[in-house]
Amino acid sequence: MIQVPFGTAEWQSIAPFSLVAIGGMIALLWAVFAEERPGTTSVMWMSQAGLAAGLVATIALLGSEKASFGGTFALDGVSLLANLVFLLSASMTLFMAQGHLESMGVRAREFYPLVLFATAGMMIMGAARDLVILFLGIEVMSLAAYVLAGIHRRDPGSTEAALKYFVLGAFATCFLLYGIAAFYGATGATSYDGIRAGLASAPRAALIGGVALLVVALGFKAAIVPFQAWTPDVYQGAPTAVTALMSVGVKAAAFVGITRLFLDGLGPLHQDWQRIFWVLAVLTMTVGNVFALVQGNVKRMLAYSSIAHAGYLLAGVAVGTSRAGGAVLLYLFTYAFMTLGAFGVLIALGTGEKPNDDLDDLRGLADRRPLLAGAMTIFLLSLTGIPPLAGFVGKFYVVESAVNAGWFWLAILLVLNSAIAAYYYLAVIVAMWMRDPIGDEPAWESRPYLAAALLAATVGTVLVGLFPSGTLDFARHAFASIVR
Amino acid sequence: MEIGLNHYLVVGLLVFLAGVFTVLTRRNAIGVLMGVELVLNSANINYIAFSRFGTGGLEGQIFSIFVIMLAAAEAAIGLAIVLGIYRKFQTIDVEEVDSLRG
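Protein sequences appear in the order of chains H and C. If you're matching positions, the first sequence starts at 13 in our numbering and goes up one per residue. If you're matching positions, the second sequence starts at 8 in our numbering and goes up one per residue.
These aren't lab readings, by the way, just hints derived from the structure by calculation. Beta carbons: idealized from backbone N, C-alpha and C, even for Gly. One should not assume that every hint holds.
As the list claims (entries may be wrong) - Pairwise CB distance ranges (calculated):
| id | chain 1 | residue 1 | chain 2 | residue 2 | range |
| --- | --- | --- | --- | --- | --- |
| 1 | H | G221 | C | Q68 | 42 to 52 Å |
| 2 | C | G64 | H | G117 | 52 to 62 Å |
| 3 | H | S54 | C | F60 | 28 to 38 Å |
| 4 | C | V17 | H | F408 | 29 to 39 Å |
| 5 | H | D452 | C | Q97 | 27 to 37 Å |
| 6 | H | H282 | C | M76 | 32 to 42 Å |
| 7 | C | A80 | H | H282 | 41 to 51 Å |
| 8 | H | L478 | C | R34 | 31 to 41 Å |
| 9 | H | L478 | C | T98 | 25 to 35 Å |
| 10 | C | M76 | H | D284 | 39 to 49 Å |
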């Protein structure tokens, strides 16, 4: 008989994601069954309330360290800090989508609750200490994300993005399940504690096969080369607000899941996976950067740039120390603000008829909309890694942890890659500030919610860059108890 | 001859390979979905076999129920997406649905 404990620790650990999921359900039911069909703005605010409830629960629990459900679900610094990243990016996505979807002719109220469901899945992934829970989190997140990618049903690109994302995502799930089966068969357990305990007596071939299958599956979700083929098409085809959520929230959730799984559950196997991740990290950042160089569409360029950033993050995972774990978590925090901001600017450029996200559309933006161009400049400089912006501290501490652990080549390749990346980020800045605009000024609409989200992203990018130490200490401390 | 763990694992592996082959070679989106279902069920065979013959206890059987539930949810969303594709492109050939290019 399986005993399922259910006490205070259990309630506390499920509270954040449950509140978000319940908030999503209430918003969904209300959008469907209300007497008068509610406008999108009110559904948006209702969904924001659900996210806020999750945020309050997360902040109230900050500092607690508890294992619940027999150690299969974690309530610790990592899951709580990850929750903050997920909730902030979801909330900013909702604000950015407001007006943007309507101007494209999408009146889907289910968009907002779906973002909440995806967020709940991310929060489960961040706290999972059992492969089954990790799997459930991934699916809760992905099923919502597939629908979100195709939310613009009249647009062939969006529908196609949904199909590609779904087929490759479902395929990745298959590898995940087969990998979990390998570990379950080899160690007789799916929880990280049980796997750690059973590793010593398990057949080695099954473990190596299991690690390979899990790397493939999670590599798909995190868009790691060579499993990134879907990324540019899906990111370009999906509505930009959804792209922002996918490249920030989904990627962050995948990385928190990867970090916890490999540093904690599969920690004793580190000599096997560290080498795999070393190679994949270098491949990922190089491929992402090289392809980003030749893109004429800024949205597609940002998709490749997000692949490159996945490479930097994976470098932190490969290093595998608690310092590196903390650096990865800080990186996710910084990455969230600047990437959401950059996609937010692209949303602001779009009008109902045209997305206006080619590099040529950004020419001379500084003359037409100086504030927007200024914000975009801050985000791009931060993505390049110019101090004192957020992107610099994120990269700096990953490099520092790599050098600290003696991984000099990885650190050198990471820095070289950042130099390549500077080229295509600066090309956009040059186009905005030093080139003359082409064509007539598009009929831009004023979107107050989007402006607020962009302001928040700018402030976040600057503040985290200036004062990273609090977050960094918290993240390092959180990982100190995980890496054993 | 006694049927043991290895027999089930071989069946599971064959179903897995058949599923992967289907996903990689089928051009019809429904065919791809069917390949995914095959792979999901191959994992289920493994879970049940490990649960019956291994040291894992009941967990494997419970997990396979989770997987069946997921397969249903995934099929629902997958078919809806394929329906959307048919409306837009008048085909469900995954190689013809390829308008996004850099």
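Taking the hints in turn, this is what the structure says about them:
1. G221/H <-> Q68/C: 42 to 52 Å: At 22 Å between Cβs, range violated.
2. G64/C <-> G117/H: 52 to 62 Å: 53 Å, holds
3. S54/H <-> F60/C: 28 to 38 Å: 56 Å, violated
4. V17/C <-> F408/H: 29 to 39 Å: This hint is violated: roughly 51 Å between Cβ atoms.
5. D452/H <-> Q97/C: 27 to 37 Å: 35 Å, holds
6. H282/H <-> M76/C: 32 to 42 Å: 34 Å Cβ-Cβ, so the 32 to 42 Å window holds.
7. A80/C <-> H282/H: 41 to 51 Å: Once the Cβ atoms are compared, 35 Å apart, the range 41 to 51 Å for H282/H and A80/C is violated.
8. L478/H <-> R34/C: 31 to 41 Å: 53 Å Cβ-Cβ, so the 31 to 41 Å window is violated.
9. L478/H <-> T98/C: 25 to 35 Å: Hint violated: Cβ distance 53 Å, outside 25 to 35 Å.
10. M76/C <-> D284/H: 39 to 49 Å: For D284/H against M76/C, whose Cβ atoms are near 32 Å apart, the range 39 to 49 Å is violated.
In the structure shown, a violation is registered for the earlier hints numbered 1, 3, 4, 7, 8, 9 and 10, in ascending order.
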